[in-house]
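Starting from the known structure of chain A, arrange chain B on it as the hints suggest.
Protein chains: 2
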Amino acid sequence: MNNFTFCNPVNILFGRGRIADLPGEIPKDARVLIAYGGGSIKKNGVLDAVHTALAGYTITEFAGIEPNPSYETLMKAVELIREKDINFILAVGGGSVIDGVKFIAAAVPFEGDPWDLLTRGAKAKSVLPFGTVLTLPATGSEMNCGSVITRKSIQTKLPFMSPLIYPIFSILDPETTFSLPPRQISNGIVDAFVHVMEQYLTYPAEGHLQDRFAEGILQTLIEDGPKALKTPEKYEVRANLMWCATLALNGLIGAGVPQDWATHMIGHEITALHGLDHAQTLAIVLPSVMTLKKDTKRLKLLQYAERVWGITGEDDDLVIDKAIDLTRAFFERVGLKTRLSEYGIGEKDIPALVQQLKAHGMVKLGEHGDISPEVSQQILELSI
Amino acid sequence: MNNFTFCNPVNILFGRGRIADLPGEIPKDARVLIAYGGGSIKKNGVLDAVHTALAGYTITEFAGIEPNPSYETLMKAVELIREKDINFILAVGGGSVIDGVKFIAAAVPFEGDPWDLLTRGAKAKSVLPFGTVLTLPATGSEMNCGSVITRKSIQTKLPFMSPLIYPIFSILDPETTFSLPPRQISNGIVDAFVHVMEQYLTYPAEGHLQDRFAEGILQTLIEDGPKALKTPEKYEVRANLMWCATLALNGLIGAGVPQDWATHMIGHEITALHGLDHAQTLAIVLPSVMTLKKDTKRLKLLQYAERVWGITGEDDDLVIDKAIDLTRAFFERVGLKTRLSEYGIGEKDIPALVQQLKAHGMVKLGEHGDISPEVSQQILELSI
Chain A
191 MNNFTFCNPV
201 NILFGRGRIA
211 DLPGEIPKDA
221 RVLIAYGGGS
231 IKKNGVLDAV
241 HTALAGYTIT
251 EFAGIEPNPS
261 YETLMKAVEL
271 IREKDINFIL
281 AVGGGSVIDG
291 VKFIAAAVPF
301 EGDPWDLLTR
311 GAKAKSVLPF
321 GTVLTLPATG
331 SEMNCGSVIT
341 RKSIQTKLPF
351 MSPLIYPIFS
361 ILDPETTFSL
371 PPRQISNGIV
381 DAFVHVMEQY
391 LTYPAEGHLQ
401 DRFAEGILQT
411 LIEDGPKALK
421 TPEKYEVRAN
431 LMWCATLALN
441 GLIGAGVPQD
451 WATHMIGHEI
461 TALHGLDHAQ
471 TLAIVLPSVM
481 TLKKDTKRLK
491 LLQYAERVWG
501 ITGEDDDLVI
511 DKAIDLTRAF
521 FERVGLKTRL
531 SEYGIGEKDI
541 PALVQQLKAH
551 GMVKLGEHGD
561 ISPEVSQQIL
571 ELSI
Chain B
191 MNNFTFCNPV
201 NILFGRGRIA
211 DLPGEIPKDA
221 RVLIAYGGGS
231 IKKNGVLDAV
241 HTALAGYTIT
251 EFAGIEPNPS
261 YETLMKAVEL
271 IREKDINFIL
281 AVGGGSVIDG
291 VKFIAAAVPF
301 EGDPWDLLTR
311 GAKAKSVLPF
321 GTVLTLPATG
331 SEMNCGSVIT
341 RKSIQTKLPF
351 MSPLIYPIFS
361 ILDPETTFSL
371 PPRQISNGIV
381 DAFVHVMEQY
391 LTYPAEGHLQ
401 DRFAEGILQT
411 LIEDGPKALK
421 TPEKYEVRAN
431 LMWCATLALN
441 GLIGAGVPQD
451 WATHMIGHEI
461 TALHGLDHAQ
471 TLAIVLPSVM
481 TLKKDTKRLK
491 LLQYAERVWG
501 ITGEDDDLVI
511 DKAIDLTRAF
521 FERVGLKTRL
531 SEYGIGEKDI
541 PALVQQLKAH
551 GMVKLGEHGD
561 ISPEVSQQIL
571 ELSI
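For the record, the sequence lines run as chains A and B.
So the first sequence is residues 191 to 574, counted in the working numbering.
So the second sequence is residues 191 to 574, counted in the working numbering.
If we strip away everything but chain A, and leave its shape as in the complex, we get (with noise of 0.2 Å):
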């Protein structure tokens, strides 16, 4: 095991109505930005909920928060917030709607180009305090301090992280998910298995724990994934897919073993130039990851096998391949395409790909940063 630092501060409000607890979790005399995306939640009452909790604070809303949150966009939400002398936010959405928070409480702050915090290695001093309101199981970022945003001019997605940008408190309630398209269910699915993945299918640590619990969120995916999607307002499956997407990627499970991260690079790079959701990209991208680096993730991949499909066997390749051919399977059986093709991508898009991965310096990817481009490329030839 590695050594590590953990601190997680995160306060979790989970469960039925607990978006009435907003008030003990906001100073009383907060000037607030309710941040949010698209406006379903003006339709599903989950917006009027949080303005009956917030009953007599000053509040300003700012809507439009995009899937792949835009610098452009979150620019205009720091205009607002200097203008209006705002000084907490709540952020309402998904995953996209709270890394662009993030990026909005740290860039209201700072001092010089905000974009240097995504390009330059420039760190956030403070940042205004926010909490989220989740309504969408999926990127795990109520719990944790990264963020990914897109630059549309550039077309860049770049992620950044900071110990000042965890939420102060997220609030959990399953029941805001109901309503939720079934792509945005089956993304969620697919992007929590995938976050395990990337911290578990490395090669063996001695993370003996570490382990378990990777492998324990794993199987309650493959259990209630399915079922999230054929019943949709049973609350004990939304509850346990919405605290499986928490834990993926709040810390834990990462911490004292390697991990790898390539399946998510890039799928960036696919979503930045082909505008695939997220998830979709990382089920096209992770069976050929898994296949294309077979031998260095060989001990982990058989583990997998065998501990969260049941298969074992006297022919490792065999195993391994069925492990693969399950992994494929469960992400089509949630209702995502595993090939790039399925898309309409095909072998003349991918040079511009593999270019963006190198202009982003994505060229040693993986636990054992040898993932070059030239490999990045056969992974995406393999994606086809």
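These are calculated hints, taken from the structure and not from any lab test.
Note that the structure is predicted; figures quoted are calculated from it, not measured.
Careful, some of the hints might be misleading.
Here are the simulated lysine-lysine pairs, DSSO-like style, with alpha carbons at most 27 Å apart [as the list claims (entries may be wrong)]:
#: 1; chain 1: A; residue 1: Lys424; chain 2: A; residue 2: Lys233
#: 2; chain 1: A; residue 1: Lys233; chain 2: A; residue 2: Lys266
#: 3; chain 1: B; residue 1: Lys342; chain 2: B; residue 2: Lys554
#: 4; chain 1: A; residue 1: Lys420; chain 2: A; residue 2: Lys527
#: 5; chain 1: B; residue 1: Lys218; chain 2: A; residue 2: Lys218
#: 6; chain 1: A; residue 1: Lys313; chain 2: B; residue 2: Lys218
#: 7; chain 1: B; residue 1: Lys232; chain 2: B; residue 2: Lys218
#: 8; chain 1: B; residue 1: Lys313; chain 2: A; residue 2: Lys218
#: 9; chain 1: B; residue 1: Lys218; chain 2: A; residue 2: Lys315
Cβ pair distances, simulated, as ranges [claimed, not checked]:
#: 10; chain 1: A; residue 1: Leu419; chain 2: B; residue 2: Glu256; range: 41 to 47 Å
#: 11; chain 1: B; residue 1: Thr195; chain 2: A; residue 2: Gly559; range: 36 to 42 Å
#: 12; chain 1: A; residue 1: Glu426; chain 2: B; residue 2: Arg488; range: 17 to 23 Å
#: 13; chain 1: A; residue 1: Arg310; chain 2: B; residue 2: His241; range: 40 to 46 Å
#: 14; chain 1: B; residue 1: Leu508; chain 2: A; residue 2: Pro394; range: 32 to 38 Å
#: 15; chain 1: A; residue 1: Glu537; chain 2: B; residue 2: Lys512; range: 55 to 61 Å
#: 16; chain 1: A; residue 1: Gly500; chain 2: B; residue 2: Tyr393; range: 24 to 30 Å
#: 17; chain 1: B; residue 1: Asn193; chain 2: A; residue 2: Arg373; range: 26 to 32 Å
#: 18; chain 1: B; residue 1: Asn193; chain 2: A; residue 2: Ile358; range: 18 to 24 Å
Here a beta-carbon is modelled for each residue, glycine too, at the ideal position from N, C-alpha and C.
What follows is chain B alone, placed relative to chain A:
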């Protein structure tokens, strides 16, 4: 899944050599009390390492916090702190030292008789800041907000909890455990195991992920526990044991699910009246609770049997009995006795134990509140 609130802000510094990171965690101008137990940290070099790390700080030492830390001893530390105007406490030791320091930290600024914190539900309004250097994996106190204190003069052992008594940081270096006597490792394994069982072995509450995590800790303890005794200086084994013990009782696996804790409450009285180590009492009481509460715990007992021990079969009662036998055998394999009679405690001693339970209000124990003093008596009789 039940509604829950989860917030655990403890900063964990895990791994080899992390004691050297102490200066980053304690304000430079702090007047520090180093609190510890019987002095083993003097022999194994831990106290030296702490002093080296804290060179330049104003330091006072307080030794002699005993296993089952006593109110009498702790109040001496409270006096010393007030006298020397100390403003930071560093607990160096195991769960007893840490539990003791939690009480000290709450008692120093408490107005009135600090005993009220334990008996009258008085709430701490502020506490002295404190951190820990853990040297004994067992209780989880290093990452939770609970403490158990004994008042020797009246043979009473009582728990207290407060969100204010999370340590600010805890340093977990598995190497500090290499020199522990086998008895303390045995106790630690069983303590962590039973902490998990108290939060897991109740009734199905659709906490699918909580169940998987609980089972993952149990499996890791079963795998690494005996190795920790056989090969005391194998770092990876001790690292997994240490992380298991911490996560067994940091609030995570118990969030949103019913909890039992009857084994602990009954065990506390055995310690108070007969001086057994805490874990020694748990190894005796748990198998009897499992046996006597077979009906109400039936579904979880079957799940435990299958997922943790790999036992299935047509006769549910046989499966359950085998799982209980394996649990008892595991405790014995890691060096603990599982019968009261092995400590010279017999039928004649039971009325006094039951009387103590009544005196402390422990009259409706268990996840259903259906363990009355009469049932506790049966549990104790079955434990002879």
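Hint check results:
The straight-line distance between the Cα atoms of lysine 424 (chain A) and lysine 233 (chain A) is roughly 20 Å, inside the 27 Å bound, and the hint therefore holds. Our distance criterion of 27 Å between C-alpha atoms is met by lysine 233 (chain A) and lysine 266 (chain A), whose separation comes to about 24 Å. For the hint pairing lysine 342 (chain B) with lysine 554 (chain B), the CA-to-CA distance comes to about 25 Å; that is within 27 Å, so the pair holds. In summary, the hint linking lysine 420 (chain A) to lysine 527 (chain A) is supported, as the alpha carbons are separated by about 18 Å, within the 27 Å threshold.
With a C-alpha separation of about 35 Å, the suggested pair lysine 218 (chain B) and lysine 218 (chain A) falls outside the 27 Å cut-off, and the hint is violated. At roughly 24 Å between alpha-carbon atoms, lysine 313 (chain A) and lysine 218 (chain B) fall within 27 Å of each other, so this suggested pair holds. Note on lysine 232 (chain B) and lysine 218 (chain B): the hinted pairing holds, with a Cα-Cα distance of about 24 Å set against a maximum of 27 Å. With a CA separation close to 24 Å, the supplied pair lysine 313 (chain B) and lysine 218 (chain A) stays within the 27 Å bound.
Restraint check for lysine 218 (chain B) and lysine 315 (chain A): satisfied, since their Cα atoms lie roughly 21 Å apart, inside the 27 Å limit. With their beta carbons about 57 Å apart, leucine 419 (chain A) and glutamate 256 (chain B) fall outside the hinted range of 41 to 47 Å. Range check, threonine 195 (chain B) to glycine 559 (chain A): Cβ separation about 40 Å, and the 36 to 42 Å hint holds. Hint check: glutamate 426 (chain A) to arginine 488 (chain B), Cβ distance near 20 Å, so the stated range 17 to 23 Å holds.
As the Cβ distance of arginine 310 (chain A) to histidine 241 (chain B) is approximately 41 Å, the hint placing it in 40 to 46 Å holds. Distance hint for leucine 508 (chain B) and proline 394 (chain A): a CB-CB separation of about 36 Å, consistent with the stated range 32 to 38 Å. Distance hint check: the CB atoms of glutamate 537 (chain A) and lysine 512 (chain B) are about 58 Å apart, consistent with the given range 55 to 61 Å. Judged by the Cβ atoms, the range 24 to 30 Å given for glycine 500 (chain A) and tyrosine 393 (chain B) holds: they are separated by roughly 26 Å.
A C-beta distance of roughly 28 Å is found between asparagine 193 (chain B) and arginine 373 (chain A), which places it inside the suggested range of 26 to 32 Å. In this structure the supplied range 18 to 24 Å holds for asparagine 193 (chain B) paired with isoleucine 358 (chain A), their Cβ-Cβ distance being about 19 Å.
Checked against the numbered hints given earlier, the structure breaks hints 5 and 10 and satisfies all the rest.
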